[in-house]
Amino acid sequence: MRNPTIDTAVIPPARRPRKPAATIGRGAVYALMLLAVLVVGLPLYWMLIGSLKTLTEIRTFPPTWFPQEPRLANFTDAWNGAPFGRFYINSLVTTLAGTALEMLNAVFSAYALAFLRFPRKNLVFILLLAALMVPTQVTILPNYLTMARFDWVNSYQGIVLPGAAVAFGTFLLRQYFLGLPRDVIDAARVDGCTHLRLMWRVVVPMSWPAIVTFGLISLVSKWNEFLWPLVITNTLEMRTLPIGISYLLDSEGNTQWGTVMAGTIFVILPVLIVFLLAQRFIVGGITSGATKG
Amino acid sequence: MRDESVAGPTMAGGVRAANAARPEARAIGRLRRARRSEALLFLLFIGPNLLLFGVFTYWPMIYNAYLSTVRWDLIAPIKTPVGLDNYRYLLDNATFHTVMKNTFVFTLGAVGGSLLLGLLVALLLNQPLRGRDGARTALFAPTMLSGAAISIVWVYMFDPRFGLLAEFLSWFSLRSPNWLRDPQWAMAAIIIVYIWKNVGYTVVIFLGGLQAIPKDLYEAARVDGAGPVRRFWNITLPQLSPITFFLMVTSLINSFQAFDIIKVMTDGGPVDSTNTLIFYVYEQGFVAFNAGRAAAASLILFVLMFGVTIAQLRWGERRVHYA
Chain A
3 MRNPTIDTAV IPPARRPRKP AATIGRGAVY ALMLLAVLVV GLPLYWMLIG
53 SLKTLTEIRT FPPTWFPQEP RLANFTDAWN GAPFGRFYIN SLVTTLAGTA
103 LEMLNAVFSA YALAFLRFPR KNLVFILLLA ALMVPTQVTI LPNYLTMARF
153 DWVNSYQGIV LPGAAVAFGT FLLRQYFLGL PRDVIDAARV DGCTHLRLMW
203 RVVVPMSWPA IVTFGLISLV SKWNEFLWPL VITNTLEMRT LPIGISYLLD
253 SEGNTQWGTV MAGTIFVILP VLIVFLLAQR FIVGGITSGA TKG
Chain B
658 MRDESVAGPT MAGGVRAANA ARPEARAIGR LRRARRSEAL LFLLFIGPNL
708 LLFGVFTYWP MIYNAYLSTV RWDLIAPIKT PVGLDNYRYL LDNATFHTVM
758 KNTFVFTLGA VGGSLLLGLL VALLLNQPLR GRDGARTALF APTMLSGAAI
808 SIVWVYMFDP RFGLLAEFLS WFSLRSPNWL RDPQWAMAAI IIVYIWKNVG
858 YTVVIFLGGL QAIPKDLYEA ARVDGAGPVR RFWNITLPQL SPITFFLMVT
908 SLINSFQAFD IIKVMTDGGP VDSTNTLIFY VYEQGFVAFN AGRAAAASLI
958 LFVLMFGVTI AQLRWGERRV HYA
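Listed in order, the protein sequences are those of chains A and B. Residues in the first sequence are numbered from 3 upward in steps of one, following the working numbering. Residues in the second sequence are numbered from 658 upward in steps of one, following the working numbering.
Next up, chain B with everything else stripped away, as it sits in the complex (with noise of 0.2 Å):
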């Protein structure tokens, strides 16, 4: 960048000297200038950024790569390259397969649970209601918190002997599971905090969608004798489509990365119950100090996401409906 600009100024002289007679190239030449100085700045105002995207996020993803094919302890001086190992080790490996089923199982869970939940109370807002606006501004306001705080305080409320749940179960004679201790309620604990803390996301985006949706169509659907239930599934369903295949794409993605809940509340366990992928990154990464297989999983993940984004993108293309 310095040397351009250091060359640019005694290139245009030259070009100032030999047409010096002539008006209209110089005119030519000071365009030109002015477009290389334009230039250098455009350079200079985005260049920190480019700069910490290809030290940060480039970069990490091409070393990724490379340390996907290598057994190292991130301390020992030399790195032993391996091939494909690591990813034959993954593919496996039986806590590998727990950990696809796993993050299988909280996707659809987290995602499936705050876009159909989001949905329902955005509908229920629509309505005109006193106070809706608050009671929307309540149901943000959990995105907005640590999720690391936020689970400590639903670890106490899990508590089988004397948390809220507990007390909530016992009100229909229920005995409360040992939630984060049972490899068989761990699971499903993390996806309801995950829900409570994503819906409000959901609700306002959905419910921002569906004010954008024309009354008029509801007008003239009503004069059509349509019932509630039709202008439902022919109205909003498919004028809300943008919106919910955006929800889809960010919230998916989201999930992949969710991380601090299940940290905090669990540690990935009892037994791997509740260990995800991005859990696993972590842990062979850091804990176990396996920077080959953290690599090969990160990369498995990477190549998930990239899918199934495409898969929604072409999917998306054939169904949503953009008004």
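Bound-form chain A, shown alone (with noise of 0.2 Å):
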């Protein structure tokens, strides 16, 4: 989020004289890309304050725009409030193997469409993508029964295999694969290269910003997973973070904000800190996935 400065360093100043009209024009358009970056930025900063009041200073009216007198001890409230150990080694065992079984899907599945032959294979092709039709709220009380028969509610299998086949990051990765250079693949091949090797030593290392774009955005949407994994699990026990941060809140209205504020960080943070360090590849990946799509 601090990146302005960054790119301020980078792009070279510009010199042109100006008149005073584009001047005020400029003025105001900075002015409402300020106002935008604030308006967007704002929740996020009432959070970390509110994360640092007491509960007096949340309560009074008008609101601080500084914490008074900091509390910490609100992240040490949040964690003994809700067993928040346990829900993050939920969310990370489930985000993690979620994520691992999307990429090699994917994967896979892509190469399959891209360079190995199999008659009928566009029929194979529409068949993956038409699941892209089916929106989660049809399938989810079915995928429920089949999971009560398996005996899986409540368990990590549960949570991550409906979430485990890929359409569109095959589609995307496919597309990527098709548009490596065709001489380098049958160099390989003719070279007498195995599919297993031509992919993991050929054409993985060339993709590598498709699949690495592709693995952050589907890691970061398997942490912030919310509906399929509250159906799936009833116990204090196999909840997720961010299921578990709502049992800081008293529905008699007697909420403590400080601390829930306090626990809203620690579900948020890490996805933060990966986005603002990646932030590079997932912008960039989401954007040429559309325009050139």
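By construction, these hints were calculated from the structure, which means they are not laboratory data. No experiment lies behind these values; they were computed from the predicted model shown. Ideal placement from N, C-alpha and C gives every residue a C-beta, glycine not left out.
Computed beta-carbon distance windows for the label pairs:
id, chain 1, residue 1, chain 2, residue 2, range
1, A, 279, B, 889, 32 to 42 Å
2, A, 68, B, 884, 40 to 50 Å
3, B, 828, A, 36, 17 to 27 Å
4, B, 731, A, 195, 48 to 58 Å
5, B, 769, A, 279, 28 to 38 Å
6, B, 887, A, 26, 21 to 31 Å
7, B, 769, A, 128, 24 to 34 Å
8, A, 192, B, 731, 53 to 63 Å
9, A, 135, B, 705, 15 to 25 Å
10, B, 731, A, 64, 42 to 52 Å
11, B, 960, A, 75, 46 to 56 Å
A few chain A residues that don't get close to chain B, going by computed Cβ distances all over 12 Å:
id, residue
12, 26
13, 70
14, 74
15, 77
16, 91
17, 95
18, 156
19, 157
20, 185
21, 189
22, 211
Facing chain B, from chain A, some residues (calculated, C-beta under 10 Å):
id, residue
23, 28
24, 41
25, 46
26, 65
27, 110
28, 114
29, 126
30, 129
31, 228
32, 232
33, 250
34, 281
Combine the two chains into a complex, taking the hints into account.
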């Protein structure tokens, strides 16, 4: 979020002399841009200072813009207010396993669709893409019943497996694979390279940006997933972070907001860090997916 | 799959023995075997994915259609067949009518709002400004964050007694409505949060589209004396139409599935004022244990989504300008 400073350093300043009217116009444009960033950033700032306020300070009006006497105990209160250690483990296990499965599925399926011959291959491709049209709410109840039959309610495989199938990622990677230089792949084939070797030694390394982008997006969406983990788990110990956080809320209206904001930071911080570190991959990948696809 | 792998070599072996004397036939046999092993590899690679889709997407669709014709509480050993009663119930039910209306209002507000605001901000960021890459990243960040967690932050901000929005309104001497407890305001609050969370995505995609428009088109228009407004209507919008179209389809599908914000902020209330179709499906299935009605409602939602997507594709074919 602090990137504007970095970017100002990189982009050389424009040196053309301007008319006063143009300068005012530019000022207005900058003000609007700042406003947009402020509007988007404000809730995150509010969460941060809320997590440091005492309940008395939170309940004063007008609200304070800086915490008067920062209270770090909100974080320990939040951590002890619900089994957050357990939530973290659940979220980590299901997110990592789900992402790994999605990536493997996407790479193998995309490779098969791009490079292997198969009768009526297009039908297989359409079968995969058609799954994109089926919304979660149609599958959620039958999937719950399937899981109940396998006795997988309240289990990691119950949370992970329905999300392990990949349609869109397969489609994206297939497009990317087809765009790789043909002669490199043909040369490897002529040299007697097996398909598995070709995939791991040539195709995957050459497609690294696309695979990383897809992996990151998959990681983030699994971490944030809400509806399915909500219905497939029903004990406190199996809840993931996005669901566990609401245990801090008080239905009687006596919510300890400082503690709750500290809890939301537990959920948001890991993703925010991943995003800020990898934003070039994520934002760039999403743009090219839409504009070239 | 296993059968084939056993049968494959034996059959090929038979062919090889019969044609041992003729080299070209042997070559054909080898080719055929290579083809077959390649097809086998294809199935091996894509099989797990297809299997998962079969079990968790295609089979549920069929089973869901069946469930929509029974009465069942998810526990009883017997599902009572009721024909189309579940659909009849929904079509006559006042709550379901409210749900449909809510879904329409939410979709219109959420999709329309994100697209319009997204386009405006993208136009803003499409100018040579310092720090605009940073602004783009900042605007995109909320789309990456947990909807459940962020909704909790917004509940705090919407609080009419000490919330941030009450503070803003007080600057204009306005009293804050009781956003989440007032049926008149709850849906507006949900839409605001949805737009806040998703507008960054439309900004990023629109910006990508704007930057792909060839600069010489604008130069030519300027030479012809077209002002900024005309350039926008005659160049930017038509050139952007494939992107707008893409965003309309994806935003619509996403907004139909918006659940976490509603569940956390209002739980569908007050008095069903934020109960949308997806929430209704969840409520009927997992709170009221009414499998038949949940299934019927979800099928109605599916048909709606399907219809809208097809309609958009049709409309898009005629209207979208592909460069």
